[in-house]
Amino acid sequence: MHDSPKFKIPLGPQHPALKEPASFSVALKGEKILGVEIRLGYNHRGIEKACEDRTYTQDIYLIERVCGICSHSHSTCFIQAVEELAGLAVPKRALYMRTLIGELERIHSHLLWLGVAGHEIGFDTLLMYTWRDREVVMDLLAELTGNRVNYGINTIGGVRRDITPAQIKKTLKAMDILEERTKYYIEVASQETTLIERLSGIGVVLPEDALRLDAVGPTARASGIARDVRRDDPYAAYGDISFDVITDNHNDVYGRTLVRVKELLESYKIVRQVVEKMEAGPITVKAPRKIPAGEAISRYEAPRGEDAHYVKSNGTEKPERVKVRAPTLANVQVVKHMLKDRYLADMSIVIAAIDPCFSCTDRSIEINNLDNKKTKVITWETLHTQGIAWHRKHGIDFTSLNKRLKARIK
Amino acid sequence: MFSALFAMLIFPGFIFVSAFGLAAEFFDRKLHARLQNRVGPPWFQPVADMIKLLAKEEVIPSDANPTMFRVTPIFALTSVVTAFLYLPLWQTHSPFAFNGDVILVLYLLTIPTLAFFIGGWYSTSLFSRIGSVRVITQLFAYEIPLFMGILSAALLADTWSLQGITEFYSRHSWLLLCNILGFSVSLIALLGKLEKVPFDIPEAETEIVAGCFTEYSGRSLAIFRLTLDIEMVVGAALLAAVFFPMGAGVNGPLRFVFFIIKVLFIVGLISLLRTVMARLRIDQMIRFCWKYMVPLAFLQLILNLILKGILFI
Amino acid sequence: MKPGKMIREVLRTFLKKPVTNLYPYQKLAMAENFRGKLSFETSKCIGCKICVRDCPSGAITINKVGEKQFEAVIDLGRCIYCGQCVDSCPKKALAATADVELAQLGGTKLTVLLKCDDSVSISTPAPAAPETPKE
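Chains as they are written, first to last, in numbering that gives the first Met the number 0: chain F, 0 to 409; chain U, 0 to 312; chain Y, 0 to 134.
Pulled out of the complex, with its shape left as it was, chain F reads as follows:
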């Protein structure tokens, strides 16, 4: 058997398998993968820098638009950090509302993921069915919050909208419909031969590797690591609600599918408890415009894993520094490990199995000197001055543009 040819295939930045641009350069030998080089950064929009020029209230909406699918996660995580800095005691009803919307978002995200996974393995019927059922959740969210994505339900000190008894009834009915459909999907996932054949045994991450590579979310939970911020570090109303943390022992993409589908059932349970335990009361507390100086970190269990936000304030209306660490950044490092000695056909489903959201991820910049393999970390100020100098050298001067921008925002 003579040697199959070795070549490099570019999977991205533009590729039908990827929903967002990211570059995976695969070195192939025949159909076997020798190595993967990952480059991110195609979705970098400068959100963290833009946050520094806007007030906290304006920042809620900006941070929400980091990602369309986990918008509420980012918004709530940010707000929790700001409220901690301001020392506000958010009313109970607001916390329950946040939990409710958070779980509805988890439902919609997992159903979306099921559809995308189906599409990646050529199972379009699953895509059509799960996205049809997702419409139930989207319409419910539109009714409760006023928009299908980017809900805008958070404000500093609480939430902006309350839930009426009629809406509660609609919610419960939607949960019943979705529970029946989800049980059918669990049946399909555990019995459909082609699906099991396609998803089993690939993207394998053993528990010790998952711990070492810092996987988060369903990616880690499918390897048996029971890590869930909702239970380990309860925020919002999760302290009062009982639910199970779903883990699985398959260690592969099939395990991740099962974890996500079972998490859907847990979400229905949580939503029903939230709606039942919600007490009457105010939904917001008056918040100051100027947040006192300090730093705060807040964590949130987004549908994809642990989301962490860091906010540094300096006593003015605008934050000094906002940093967003999305779960995909932690999980994308595991992809390299997963793809060792696998086939090309598995690439797209393995990448899809960590539920990548590169919009969330593109924040940090790390300069790697490829010649001498030395890495160095550049501080913010150095990057700022270097950037201005580089642009000036090429004839671009931003000072007048900056002045106009500042005048516009005011």
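Just so you know, these hints were derived from the structure itself, not from any lab.
There are no misleading hints in this set.
Label pairs and their computed distance ranges (CB to CB):
#: 1; chain 1: F; residue 1: H383; chain 2: U; residue 2: D62; range: 39 to 49 Å
#: 2; chain 1: Y; residue 1: S87; chain 2: U; residue 2: S216; range: 46 to 56 Å
#: 3; chain 1: F; residue 1: Y183; chain 2: U; residue 2: S2; range: 54 to 64 Å
#: 4; chain 1: Y; residue 1: N20; chain 2: U; residue 2: I179; range: 40 to 50 Å
Cβ coordinates follow ideal geometry from the N, Cα and C atoms, glycine included.
Add chains U and Y to chain F, keeping to what the hints say.
Relative to the frame of chain F, chains U and Y by itself:
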């Protein structure tokens, strides 16, 4: 001479089989959509797609061989249209029938696969090269069960011509039931030939963009797509002719209507199968074909041999 | 282990009506409190410009058009339909409607700012419009 030209170009030749192929594509897509709770395309969608593709500019990669690039689609189209000429439409035999035309049709059906391979290879882009390698690898897997399934039915009829098969099974209709195993194996192998899910590995959209068709655009792509549609019709018609040769003993328009119904039934089965399954990986597909399909086809062959020995000593 | 597990469900779906909404032949109704285009009541506005300050994208501008009369000019392209201005306004002069069909063909129709005022007619003359009687 004129009747031969008419048969080759108009009916049942190029014009008719193209129209039938486009209609079958519409039927397949509409059924697929309705099974997924969607509306599906209107009846003129395949025609509109063809016209749109024919009107677009053809972009040939600079590294590719322009002659081969342009010739391969025509090569593929010619072979499938020729294959259709040998299938019985309104009589028990086609106007060009001869002894051995079953084998000819099967061989003519292999040519499009080779054309995809050559077209993809001469495109010189990475995705098309991987696609074409997959096409040939898949050929090794489904070809044997397909041949064995169809030829075992022909074996029982003791003839290699489609006319002989049709006439034999019209006389002994109950023997059709013995061929059910062969029919199932051939249907699944046909899914491999037509590159439909679960065997649409060479054209896997989410892995290698479009496989061998990645660099094709404009007229050549239109011809390739037409080839795929006609290949589906030819494959379905071949299965219908060999495994369901019922015609109520009448020639003429009634048998023609039966033919259309049989072909659409098989196209419907193909559509249903592609709706409910996911795509396999190439190594899984080869393992499946050689582990399950070849033994079953072999079993059908042995069964037919024994039956033939018992019944027709 | 069965391949084609979804066959029964799929065949059952075949007999049902498709769930697709044939937009634009069939109208799609949004939820009642959907955040679409804004509406503005001139009579309630006091010109404090808190909405301008709080808008995340700088989409709304308040212009003075007469004695204690203000008009709001909204750039539909810049508006992110978050409704913060609605919440910030102390006099509840702004509200969100469920009008979401806001696409325009020309850039100018969207970016050159759609006027947005409601119900009560203002005493300023409207350009090239028939005379509206003073209320």
